[in-house]
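Single-letter residue listing:
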Amino acid sequence: MPLGNLPYLTPALPEILLALGGLALLMYGVFQKAGDSAAEVLAARRTGWAAIATLLVVLVVVVALGKDRALTFGGLFVIDEFTRFTKVLVLAGAATALLMSGDFLARHGAGRFEYPVLLVFAVTGMMMMLSANDLMSLYVGLEMQSLPLYVMATFQRDDSRATEAGLKYFVLGALASGMLLYGSSLVYGFAGSTDFEALAELFRHLGGEAPQIGVVFGMVFILAGLAFKISAVPFHMWAPDVYEGAPTPVTAFFSVAPKIAALGLFVRLMMGPFGEIAPHWQQVVALIAVASMVVGAFGAINQNNIKRLMAYSSIGHVGYALVGLAVADANGIRGMLVYLAIYLVMNLGTFACILAMRRGGRNVESISDLAGVARTHPLFAAALGLLMFSMAGIPPLAGFFGKLYVFLAAVEAKMFVLAAVGLLTSVIAAFYYIRIIRVAYFDEPGEALDRTLNPEVTWVIWATSAIVVLFFLGPGPVLKAAAAAAKALLAG
Amino acid sequence: MVDLPILSLLLVLPLVGAGFILFIRGETEIVNTNVRSVALWTSGIEFLFSLFLWFGFDTDSAGFQFTERAEWMPGLDIAYHVGVDGISVLFVLLTTLLTPICVLASWDSIRDRVREYMIAFLVMETMMIGMFAALDLFLFYVFFESVLIPMFLIIGVWGGPKRVYAAFKFFLYTLTGSVLMLVALLAIYIDAGTADIPRLLAHRLPVAWQPWLWLAFFASFAVKVPMWPVHTWLPDAHVEAPTAGSVILAGVLLKFGGYGFLRFSLPMLPAASETFAPLIFALSVIAVIYTSLVALAQEDMKKLIAYSSVAHMGFVTAGTFSFTLQGIEGAIFQMLSHGIVSAALFLIVGVVYDRMHSRDIETYGGLVHRMPAYALTFMIFMLASVGLPGTSGFIGEILVLIGLFQVNAWVAAFTATGVILGAVYMFYLYRRVIFGRLTKEALGRIGDLNAREIAVFAPLIVLVFWMGVYPAPFLKIMHASSANLVRQVDEGRRMANAPGAPAVSLPVLARAQ
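Taken in order, these protein sequences are the chains called A and B. All the letters of the first sequence, read from the start, carry residue numbers 1 to 492 under this note's numbering. All the letters of the second sequence, read from the start, carry residue numbers 493 to 1005 under this note's numbering.
Calculated from the structure, these hints are not laboratory results. Fair warning: this is a prediction, and the values are worked out from it, not measured in the lab. Just so you know, not all the hints are guaranteed correct.
Said to hold, decoys possible - In silico DMTMM-like links for lysine to aspartate or glutamate, alpha-carbon gap of 25 Å or less:
| # | chain 1 | residue 1 | chain 2 | residue 2 |
| --- | --- | --- | --- | --- |
| 1 | B | 661 | B | 569 |
| 2 | A | 414 | B | 683 |
| 3 | A | 480 | B | 569 |
| 4 | A | 487 | B | 569 |
| 5 | B | 654 | A | 197 |
| 6 | B | 661 | A | 444 |
| 7 | A | 67 | A | 195 |
| 8 | A | 487 | A | 114 |
| 9 | B | 654 | A | 114 |
| 10 | A | 414 | B | 688 |
| 11 | A | 487 | B | 792 |
| 12 | A | 168 | A | 114 |
What the hints assert, rightly or not - Simulated restraints, written as ranges between beta carbons of each label pair:
| # | chain 1 | residue 1 | chain 2 | residue 2 | range |
| --- | --- | --- | --- | --- | --- |
| 13 | A | 448 | B | 920 | 29 to 37 Å |
| 14 | A | 362 | B | 652 | 31 to 39 Å |
| 15 | B | 522 | A | 20 | 53 to 61 Å |
Idealized CB from N, CA, C, for every residue including glycine.
Please put together the full structure from these sequences, using the hints given.
Encoded structure:
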């Protein structure tokens, strides 16, 4: 065989395409005429659209690759229905976030072609994380994701808040990576392998006995590192500052794609290699979930900056998603995946609304800026209201169904306390979501927001609010896909 | 006629109307007029369609009728399943009757954001009908809780000066109760493996679980009813809500709680219901006596009627937990009667509020001299609220009291004092507003009921007398299902009390888990 040394590449086709696409976009951008700011913006716009096209092509490839489980690169890399489901979410989220960002960045003097390129590379990293089947490929994917994200956080480089956000994100992210790496080395040292399947096999042979203490230590370190990445309590401190400081489209992107990728990785790691010793980490995850739900609910109450509020909201949502993982069975994972899909839509919609909050061409981000917007922009206010009610989990909107399946799994596993805490914190969280509705609907209008909305943002607002409203008509397909993904994960 | 998917039609029609309203374009004034007409036509046609339920209902059957079923969540046995029985059908009719009345009552008083207002009412009509017609746990929950959205907006956008506080209190109180119910629904669903209510009615839940499940349901329904001491959101919500909002709140939303007890707590958790019946009796008696006294001290007309609602709903909960046929039929009848009478009383307040923009009793006095038709209408509903024989209020209260006397004479005696206290505060209100000399200058030119207002009150007056003089058609509709419910509860209690059966108490539950 002439290609004897080349591994089987088909399963990694999406990642390869994405990486090549990113390089091509980089080349295109570099060879544009520099110096002229109008040309720069135009180049940024073109790269943006090309990057969206690349992401969508890759999405099609991911779907076309099929549902079968396949391993490659000597078992470092895996695809199955679980990676398919989560990759589709990540790609759709990234493409939508990119769609919303072009106008904002151009308006705020940051319309440069590097942004879409960085985003594409970050997404490549996320896809590798999701397909990781070994602690080493996990780490490589994670870093590949993180480095572009650090740059993206500071993309408005003349803004001191963005710079601060980027630095904070970098320092804490590096710390988290360090913890993860340390945990991985402990696991390797005590268990003798980094391969997920080998680890799973090893723990299976324990026959219910406790694993060595070093393995548990390593596992907890890895867990802490990943909790950083998904901003779960008590490793959430960076999130409000980064969310507030980073440019809004970047925040939108942060709140969906990396979070879903890290959660997907989290689930694979916990249910795969460590699935056999679930009782040793279930309590930890349950505790993290409860703490995240509580902090997410109480932390947001006093916020006036809507991006900061969304940071706490996303901490809370991660808590709800983790309830599904704490249950640690097929139903829990199914609930969690449905939750993530719905969370993606709601969050993108909400950030599209935040991006639409403009006055005199500049974006504003204080909740009081929405005062009386229902009078001046009735349709925008209606969409925002629906998204907020959905975030609060009020039926018949999509957010309710996300919570329903997660708590269904929790009750089924007899984790009544977890379910009750989750539902009660969702009442507290409802308070701050309906506070936004109150400002938009009940307060008298202040200085009006700009009348014209940029078309891409408007599309996103319409599409997401339509999904949020109409989800209840047919939850079947999402539910089925998530169930199949959960099953594939547990079988693999 | 039987093949017509009448319930789905009733669920979809208001949404079609709301969607149509959304797309009406043009000048503000013209749009508002058109929006009002579309809303009135939609809800009117809806009412006519709902009459199919009245005429097509088989009164001999205790089962669910007009059922429809469609796949909703495949593989989970959670379905779109709707139908009505003798308990729920009358509430559907109450909803379809009150919605056009609300639209008509808001004709002149709502001038701001008419489009959104009418959409909110039509969407809410769908949700309320869905709540009563749902035959699937999760479908029920979706409708039960979704009502919060339009009601929150109605109170908050079109309400009075303290509307924000009232809207938040309403929203958070009810949401807290209902999330606990969601845990109970999930537990029932997991135990039975189905969310189908007709099948669940035949399912026996473990006796050890029942107290917890019952308490979770209680948390939700008690807030909705509302029962003392979780009633405090109601006066605030009523006072701040626009007239039509109060009408729907008192007329239909309060019935969610009573209906929930009848549909879930009693048939599915009979043993726990028996255990907790004394609690319900105690809270009901307190509600009847205490809130009647509070009502007596009110200076705000809407607040007074709101407190009287709590007292009247005390009859409902007491009657429900008597587990007797008379008590349960009385409770249903009382809910229907209260739905009409208290709705009418809020409309009565709305009439003078539209003219004087004040709800203080002090503002008025001697209205009979300027508004004789109004005084007469007010008197009819005031007497119906008191429970004068010949009005609908009497039938409900007497049936409840008969039911209660068979169980516990003391509870019946205390509850009966509510009738007297009700008369005291209603007569006192009536005297201060209507009688006396017309001394206040501002009232000098107040006008009597206009044609629109008469059209609003006429059907309600007819119903009050019809239900009071000849209640048989109503009782006949609810009879088979009520008798079936009583049988189910008796059977469940017998099984739980049989020798060898585990005792129903919370410590047992703790050990069982």
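Tested hints:
As the CA atoms of residue 661/B and residue 569/B are separated by approximately 35 Å, the hinted pair breaks the 25 Å bound. A threshold of 25 Å between alpha carbons decides the hint, and for residue 414/A with residue 683/B the separation of about 11 Å falls inside it, so the pair holds. Note on residue 480/A and residue 569/B: the hinted pairing holds, with a Cα-Cα distance of about 13 Å set against a maximum of 25 Å. The hinted pair formed by residue 487/A and residue 569/B meets the criterion: a straight-line CA distance of about 19 Å does not exceed 25 Å.
Straight-line distance between C-alpha atoms of residue 654/B and residue 197/A comes to about 62 Å, which puts the hinted pair past the 25 Å bound. The straight-line distance between the Cα atoms of residue 661/B and residue 444/A is roughly 21 Å, inside the 25 Å bound, and the hint therefore holds. A distance of roughly 22 Å separates the Cα atoms of residue 67/A and residue 195/A; the hinted pair therefore holds under the 25 Å criterion. For the hint linking residue 487/A to residue 114/A, the alpha-carbon distance of about 39 Å lies beyond 25 Å, and the restraint is violated.
A distance of roughly 52 Å separates the Cα atoms of residue 654/B and residue 114/A; the hinted pair therefore is violated under the 25 Å criterion. Proposed proximity of residue 414/A and residue 688/B is supported: the alpha carbons are some 22 Å apart, at most 25 Å. For the proposed pair residue 487/A and residue 792/B, the alpha carbon gap of about 61 Å is over 25 Å, so the pair is violated. Using a Cα cut-off of 25 Å, the hinted pair residue 168/A and residue 114/A holds, with the two alpha carbons roughly 21 Å apart.
For residue 448/A and residue 920/B, the Cβ-Cβ distance of about 50 Å falls outside the hinted range of 29 to 37 Å, so the restraint is violated. Restraint check, residue 362/A to residue 652/B: a C-beta distance of roughly 37 Å satisfies the suggested window 31 to 39 Å. At roughly 59 Å, the beta-carbon separation of residue 522/B and residue 20/A lies within the given 53 to 61 Å, and the hint holds.
Of the hints listed earlier, those the structure fails to meet are numbers 1, 5, 8, 9, 11, 13, in rising order.
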